[in-house]
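All chains, please: the whole structure from these sequences, using the hints.
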Amino acid sequence: MTFWRQVYEIARKDLLVESRTAEVALMTAPFGAAALIMIPLAIGTDAPLLTDLGPGLYWIVVLLFGILVILRKSAVDGGPQRDLVRLLGIDPAARFTGATIATSLLVLLFEVALGPVLVALYNPDLRGWPWLFLILPLVAIGMGLLGTIASGVTTSLGTRTSLTPLLVVPLALPLLLGATQAFEGLQLGGSIVPWLVLLFAVDLALAVSGILASGPLEEAVT
Amino acid sequence: MIDLVAAQVDNAWWYVTVAYIVILGGMAAFVAWLGFRTRRARRELEQLS
Amino acid sequence: MTMIRRFWLEAAAVLIVAGSLFRSFTVEADVVQGDVQRIMYVHVPSAWLAFLAFVVTMIGSVAWLRTRNRRWDRLAASSAEIGVVFTGLAILAGMIWARPVWGQFWTWEPRLVTTALLFFVYLGYLALRRAVVDPVQRAQRAAIMGIVAAVQIPIVYYSVNWWRSLHQASSRNSIDTPLRITLLLGVLAFTFVYAVLLRRRLELAHLEEELEARRFEASPDVAGAGITAPSLAKANKHD
Amino acid sequence: MNANPIVSLENVGLRIGNTLILRHAKMTLEPGEKVGLLGPNGSGKTTLLRMIATLLRPTSGSGEVLGAELGTDAVYDVRHRIVMVGHLPGLYPELTLGENTRFVARLAGRPLELADESLAMVGLAGASERRADQSSKGMLRRAELARALIIEPTLLLLDEAHAGLDAEAIGIVDDIAERVVGAGGAVILVSHEPDRLTVDRSVQIVDGTLEAVS
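Residue numbers (the working numbering), protein chains in the order written: chain A, 4 to 225; chain B, 311 to 359; chain C, 14 to 252; chain D, 68 to 281.
Hints in this document: simulated from the structure, not taken from any laboratory.
Even glycine gets a Cβ: it sits at the ideal position worked out from N, Cα and C.
Treat the hints with caution; some may be incorrect.
[As the list claims (entries may be wrong)] Beta-carbon label-pair distances, calculated as ranges:
1. C/Asp189 with A/Asp49: 56 to 62 Å
2. A/Ala37 with C/Val164: 33 to 39 Å
3. B/Thr348 with D/Thr265: 37 to 43 Å
4. D/His154 with B/Leu358: 34 to 40 Å
5. C/Arg84 with D/His154: 33 to 39 Å
6. A/Trp7 with B/Ala338: 54 to 60 Å
7. D/Lys93 with A/Phe34: 39 to 45 Å
8. C/Gln117 with B/Glu354: 45 to 51 Å
9. D/Thr265 with A/Leu18: 41 to 47 Å
10. A/Asp55 with D/Arg197: 49 to 55 Å
11. D/Asp144 with A/Tyr11: 21 to 27 Å
12. B/Asn321 with A/Leu44: 38 to 44 Å
13. C/Ala140 with D/Lys93: 38 to 44 Å
Rendered as structure tokens:
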């Protein structure tokens with residue numbers, strides 16, 4: 004049983020469970036879309052204003068409402084399921100990586116689902132849009148990593164749903180800045196490479212700390 | 311300095327005083343709170359032994 | 014002698030803080046900002062103290078994971094609490110400073126933004142500690158968060174700095190030598206304050222741990238001890 | 068190999084939060100033994116079982132399971148030889164019984180056909196497409212026992228061994244336990260009803276220690 008085989012099985016299982024509950028596709032994504040509809044009603048429906056603010060609001064909704072993707076049911080095993088997976092002899096790092104991949108894919112799905120809503124409601128400037136194929140996954144991976152670490156340390160706590168967002172949101176700031184500034188850079192025609200490097204660096208730092216922490220984390224949750 | 315409103319502030323010492331009171335007062339409050347918790351722990355420890 | 018041994022750190026801290034305060038009020042005023050700039054002599058040292066505290070939290074976290082000696086967990090927890098208090102104070106002082114100088118309470122200065130975020134990150138750290146009942150689990154989970162948070166601090170700072178530098182010129186110009194010495198004195202004074210507070214807080218942590226152990230010894234909650242045979246059947250028979 | 072006990076606990080203490088589960092627990096489990104673990108509700112049977120399954124570190128004392136010292140990294144190497152059937156089902160509620168058993172088979176590195184075969188052996192051949200959260204407690208229990216057939220463990224731990232099983236299925240428990248014992252393994256069965264257990268001997272948790280039951 005190689006490492007990557009274990010990673011694959013864990014991610015596959017998480018996504019299979021998610022496909023049954025459809026929490027992200029049928030609940031979180033519509034919720035995020037509803038938020039994007041509500042915001043202009045509060046701040047004004049002036050077309051140039053919305054074109055201007057649209058991308059920023061999109062990223063705020065992705066990062067804040069994306070917490071719900073992290074908190075979804077299929078992200079956290081119950082006690083008996085944790086025991087099962089541990090006794091199957093799975094490497095904690097493989098479990099961490101598999102769970103991260105599943106969450107990241109779902110955050111990506113969330114981002115993609117909100118994209119058309121942004122375009123339809125806010126008419127944003129989409130110059131340089133092919134870069135999104137890089138920006139969206141980098142942010143999704145960052146969220147997936149932060150989310151897996153945070154839900155790891157909050158597993159089985161009664162206040163998990165309140166504590167996890169508090170742990171994730173402040174640390175997600177570099178992701179927010181990276182994403183919004185890269186987006187802005189595209190519109191203004193500036194270089195976006197530094198921001199992509201930032202996103203990449205965040206992902207890398209989180210991946211390294213997450214994998215190193217996965218062993219101690221598994222012991223912490225009994 | 312960026313976006314400086316006034317090079318020289320009229321009631322500068324008032325702001326300075328408030329800031330120092332906040333910092334030193336906050337420090338004192340923390341020390342008092344620490345002391346309270348320490349005394350409480352000591353008292354409970356004595357009651358148990 | 015014991016008094017000296019017990020209080021020398023406190024005495025030194027009081028002296029140096031008094032010296033630093035005196036110097037802060039008597040040093041010449043800043044050329045650009047005037048007297049308001051004196052807030053810097055407590056604002057910056059508070060922030061310094063907080064950063065120092067969070068670094069110590071990270072060291073304690075790493076050491077706990079390596080040794081599983083609970084003193085390291087006490088160090089991490091104590092230091093984080095002090096750090097959160099001084100992050101809050103630094104932010105407050107920063108806001109009081111910003112009001113006359115920038116005309117508003119908040120400015121998007123990178124260091125201020127980073128400090129504010131740290132306040133929330135470590136508030137989360139303390140909340141996590143409160144939420145976990147078992148001491149070993151608490152130490153373990155907190156250590157992980159303590160390390161992940163510390164690794165993110167420089168990234169957060171650089172990202173905000175970078176973002177800011179694209180929009181506005183860097184906010185800080187250099188200050189004159191006498192002023193800089195005053196600032197360094199403030200930093201030194203607050204480092205002593207940190208040492209004193211940390212020692213006190215560690216003492217409290219130790220007491221609390223002892224209390225927990227003593228309570229447990231006094232009436233160990235043995236699994237199953239509170240459970241007796243149900244008396245329902247007997248009661249039913251009587252009617 | 069035969070000389071080494073499968074489980075040996077020396078003066079083990081276990082404390083979780085503020086609850087003391089064990090004080091000075093001693094226990095030896097030899098290959099081929101089938102032992103019952105008795106005790107009233109809340110006496111810590113499940114926790115003891117999880118510790119023996121290497122999932123909890125003892126707070127004091129020392130213990131060895133399948134040659135691995137508890138609380139060290141050595142336990143990672145023996146975990147795949149242990150099957151524990153807890154009192155709550157270790158199944159993913161949203162997945163079907165078949166998907167659950169195949170998940171186990173794949174991660175245990177066993178052929179997928181074995182997953183289907185073992186489901187048939189516990190009498191669930193016709194229910195493999197049924198979701199776990201749509202299955203009855205007895206069915207879940209059978210599906211979990213199928214896990215023991217896939218993994219073929221050296222150490223089998225059954226919590227509430229007979230809970231929720233009908234007359235037909237109770238036999239499965241004994242059959243599976245026999246298989247494990249026959250292959251040189253050992254079994255611990257937890258039960259509230261000592262009469263229903265067919266075991267070599269029984270122990271019980273009394274005030275944090277383990278005592279033999281005559």
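Comparing the hints with the structure gives:
1. Checked against the given bound of 56 to 62 Å, the beta carbons of C/Asp189 and A/Asp49, roughly 48 Å apart, lie outside it.
2. In this structure the hint that A/Ala37 and C/Val164 lie 33 to 39 Å apart at CB holds, the actual value being about 35 Å.
3. Roughly 59 Å separates the CB atoms of B/Thr348 and D/Thr265, a value that falls outside the hinted 37 to 43 Å.
4. Roughly 36 Å separates the CB atoms of D/His154 and B/Leu358, a value that falls within the hinted 34 to 40 Å.
5. For C/Arg84 paired with D/His154, a C-beta distance near 38 Å keeps the hint of 33 to 39 Å intact.
6. At roughly 57 Å, the beta carbons of A/Trp7 and B/Ala338 sit within the given window of 54 to 60 Å.
7. Between D/Lys93 and A/Phe34, the C-beta spacing of about 56 Å breaks the proposed range 39 to 45 Å.
8. Under the hint 45 to 51 Å, the C-beta atoms of C/Gln117 and B/Glu354, about 47 Å apart, fit the expected range.
9. The hinted range of 41 to 47 Å is satisfied by D/Thr265 and A/Leu18, whose Cβ atoms lie roughly 43 Å apart.
10. Checking the proposed 49 to 55 Å range against A/Asp55 and D/Arg197 shows it holds: the Cβ atoms sit about 53 Å from each other.
11. For D/Asp144 paired with A/Tyr11, a C-beta distance near 22 Å keeps the hint of 21 to 27 Å intact.
12. Roughly 42 Å separates the CB atoms of B/Asn321 and A/Leu44, a value that falls within the hinted 38 to 44 Å.
13. Checking the proposed 38 to 44 Å range against C/Ala140 and D/Lys93 shows it holds: the Cβ atoms sit about 41 Å from each other.
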